[in-house]
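J.: Residue numbers (our numbering), protein chains in the order written: chain A, 4 to 368; chain B, 4 to 368.
Treat the hints with caution; some may be incorrect.
Since the list can't tell identical chains apart, any single copy or any two copies may satisfy a pair.
As the list claims (entries may be wrong) - Simulated crosslink set (SDA-like; lysine to any residue; CA at most 20 Å straight-line): (1) K141 to P320; (2) K244 to P189; (3) K329 to L28; (4) K244 to N52; (5) K244 to S322; (6) K267 to E204; (7) K244 to A291; (8) K69 to P346; (9) K268 to P361; (10) K244 to P22; (11) K69 to P218; (12) K141 to D94; (13) K69 to G231; (14) K303 to H146; (15) K244 to D289; (16) K329 to T360; (17) K267 to S205; (18) K69 to S51; (19) K17 to G335; (20) K268 to E219.
Hints in this document: simulated from the structure, not taken from any laboratory.
There are 2 protein chains.
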Amino acid sequence: MQSTQNTFIAAPPKQLVLPDGFRFLHGQTIAPFSITYETFGTLNADRSNAILVCHALSASAHAAGKYTDADDERPGWWDGLIGYGKGIDLDRFFVVCANIVGSCFGTTAPSSIDPATGTPYGSRYPWPTIEDMVHAQKALLDHLGITRLRAVAGGSLGGMQVLMWCALYPEMMDAIITMATGAAVPVQGIAWHIIGRKIIESDTHFGGGDYYDNPEPLRGLQVARMVGHMTYLSAQALQTKFARRRRGNTRQFEIDSYFEYQGKKFAALYDANSYIRVQAAMDEMDLAEQYETLEQAFAKWRGESLLVSFDTDWLFPVSEVESVEKAMRANGTPVTHERISSPNGHDTFLIDYDLITPSVRAFLR
Amino acid sequence: MQSTQNTFIAAPPKQLVLPDGFRFLHGQTIAPFSITYETFGTLNADRSNAILVCHALSASAHAAGKYTDADDERPGWWDGLIGYGKGIDLDRFFVVCANIVGSCFGTTAPSSIDPATGTPYGSRYPWPTIEDMVHAQKALLDHLGITRLRAVAGGSLGGMQVLMWCALYPEMMDAIITMATGAAVPVQGIAWHIIGRKIIESDTHFGGGDYYDNPEPLRGLQVARMVGHMTYLSAQALQTKFARRRRGNTRQFEIDSYFEYQGKKFAALYDANSYIRVQAAMDEMDLAEQYETLEQAFAKWRGESLLVSFDTDWLFPVSEVESVEKAMRANGTPVTHERISSPNGHDTFLIDYDLITPSVRAFLR
């Protein structure tokens, strides 16, 4: 692999097509169903060096590297952690990342064309669960002939998938790495998510989810994204980056201008039906409710866990990570809880690679 | 006055009509202009026992008491603090509260009929400032023949008015009482307010502010209120009151049902044009920016200050109150900063009367 600006050239995304379709937890089947994925590094001869990486709300299968060596191209979403010589070292590990069920970056999504009608699934697309995301990842690993993983890793919604892996397929991996996540979204986060969905659903152009004939971008999605974005930022980071500063000589607050830019950029790339579905899947997951207690959810998980929390993360506060830690300790499994201090809130796992890399490197040694 | 269920029967609201109109800080005049106000208790012979109370975003001139003794009628918004024998004791003090400029509870508002056109002012109504609110209160006191106040008191936006009183009319009062407020809204609060305004303004029924022909309630206002409501609640209170509980046998989260109820109730009573204007006024105020430093903003203020902060208030964190305290101390004026611990967040000043009353009572002794 060619090295470019401290990253590498990644292979293009691949697709696994399930001709008989994918059956969602709530009973519906979409057939055929495609899972878009990428792999990084080399699978060793005994297929024992694979790490599954699970992505968060707005990301994709493109976890690391660049497709070309163009200067203006951004590398994969976890490029700071995954690479040759990096925390998840591609000299040692083979990394797999699949676009999650419900997301709109290659895996069959609400915006995909239903071959039966020739129009997008839209409102007819099922409401996926975190279990669905994990089951699709498992189907992909089966297809790749990987029967055991060195680790499963992810942050935020990605970390929720990792914890669901512990509940559903506890014998599949030696270790897990989670960051900025928990076994359920606390009520404050749920409330923000619900408000975001209401903003989208009350946009008259949304049309109940069947808006694909309308060329206008959905304003509701732009504004809902601003709500989501807020939950990723700490008060401290907002103060440092924006404070009450105005834009140029205008009276517009810089934070307003920034959110308009980010909201529009996001809504141009992301699909509203995917947004409300993936976020709702996040809200619905609650391992303690599903298995009666967190201890029982992790009852069959015997591997090693690295749980990373961030002191300014208010979407998944440190106390949520402590609940997971406590349950795993009660079950007698080895847990490392790294409490990291950073002003960057929930998004620390996508920003402060100097802070998260040492723990990951030591854990995977 | 007749006592009823630990409160009293309040006199009906009164109106001061300014036939020549009210001139807003930004230059526009609305004429005639009415200020709706209420008074509680009795002005003493030398007119020295008056306390001006300033209300917050969603409140009105009805600060205390009930209009009738009906069981189902709710008393005024600060009835827990203002009353006979209460923290602001009507046996001693005469309390004045005016509906603020921009608000829709009796004072000439965007929803008021413009006599020149016979239609509501709507989008033509000026964008008021906190200075406008204070100037209108001053005009009312002049009308009432009150040349000196025992105190000015308020919480949240009401407290911002109080601090503006210290800057504009520092010789008018002996003392101030503020709760859950600061000399500017920190950026996190501004960001939520901006998002709320975007939600309202992107409701297609809003029509740029001229929506009064439309009988439908504005969904945008309902959802914007949910955003605002969130900033008043602490994570702790959300967890205690709602957690991840579902409504009855449904999958709807209780917090969702609660917000739908509260959002609809609010939007049925409050006007969207007032909401965006009053909240924007709050965001625009910044005494440190306006006077270069907070010390200079309070340079002429020589009275006593009681500043009350709440540990779980994340709209106006304790550190904001400390900035005000520090500036007043630097100016050599007497300040008491009461740090109160309560799970009830920003709204503590409207909830925990047992916690706030002792400080107020001692301060006014």
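J.: If a hint holds in the structure, say so; if it does not, say that too.
T.: Evaluated hints:
1. In this assembly of identical chains, the alpha carbons of K141 and P320 never lie at most 20 Å apart, being 29 Å within a copy and 46 Å across copies at closest.
2. Proximity of K244 and P189 under a CA criterion of 20 Å is satisfied inter-copy only: 13 Å between copies versus 27 Å inside one chain copy.
3. In this assembly of identical chains, K329 and L28 lie within 20 Å of each other by CA distance neither inside one copy nor across copies; the values are 29 Å within and 58 Å between.
4. Taking the closest pair of Cα atoms, K244 and N52 never come within 20 Å of each other, the shortest separation being 40 Å inside a single copy and 46 Å across copies.
5. For a Cα distance limit of 20 Å, the shortest separation of K244 from S322 across copies, 18 Å, qualifies, whereas the shortest one inside one copy, 27 Å, does not.
6. Proximity of K267 and E204 under a CA criterion of 20 Å is satisfied in both settings, with 17 Å inside one chain copy and 16 Å between copies.
7. Taking identical chains as interchangeable, the C-alpha atoms of K244 and A291 lie at most 20 Å apart only when they sit on different chains, with a minimum of 19 Å there against 37 Å within one chain.
8. For a Cα distance limit of 20 Å, the shortest separation of K69 from P346 qualifies neither inside one copy, at 28 Å, nor across copies, at 48 Å.
9. Proximity of K268 to P361 under the C-alpha cut-off of 20 Å is found in neither arrangement, the shortest distances being 33 Å within a copy and 52 Å between copies.
10. Proximity of K244 to P22 under the C-alpha cut-off of 20 Å is found in neither arrangement, the shortest distances being 49 Å within a copy and 47 Å between copies.
11. For the homomeric pair K69 and P218, neither the shortest alpha-carbon distance inside one copy (30 Å) nor that between copies (54 Å) is at most 20 Å.
12. Taking the shortest Cα distances, K141 and D94 never come within 20 Å of each other, neither inside one copy (24 Å) nor across copies (74 Å).
13. Taking identical chains as interchangeable, the C-alpha atoms of K69 and G231 are never at most 20 Å apart, the minima being 27 Å within one chain and 41 Å between chains.
14. In the homo-oligomer, the alpha carbons of K303 and H146 never lie at most 20 Å apart, since the shortest distance is 25 Å inside one protomer and 77 Å across protomers.
15. Proximity of K244 to D289 under the C-alpha cut-off of 20 Å is restricted to the inter-copy arrangement: shortest distance 18 Å between copies versus 34 Å within a copy.
16. With identical chains, the CA atoms of K329 and T360 are never at most 20 Å apart, being 24 Å at best within one copy and 41 Å at best between copies.
17. Taking CA atoms no more than 20 Å apart as the test, K267 paired with S205 passes in both settings, with 18 Å inside one copy and 14 Å between copies.
18. With identical chains, the CA atoms of K69 and S51 are never at most 20 Å apart, being 26 Å at best within one copy and 74 Å at best between copies.
19. Taking identical chains as interchangeable, the C-alpha atoms of K17 and G335 are never at most 20 Å apart, the minima being 39 Å within one chain and 70 Å between chains.
20. In this assembly of identical chains, K268 and E219 lie within 20 Å of each other by CA distance solely inside one copy; the values are 14 Å within and 32 Å between copies.
When held up to the earlier numbered hints, the structure conflicts with 1, 3, 4, 8, 9, 10, 11, 12, 13, 14, 16, 18 and 19 and fits the remainder.
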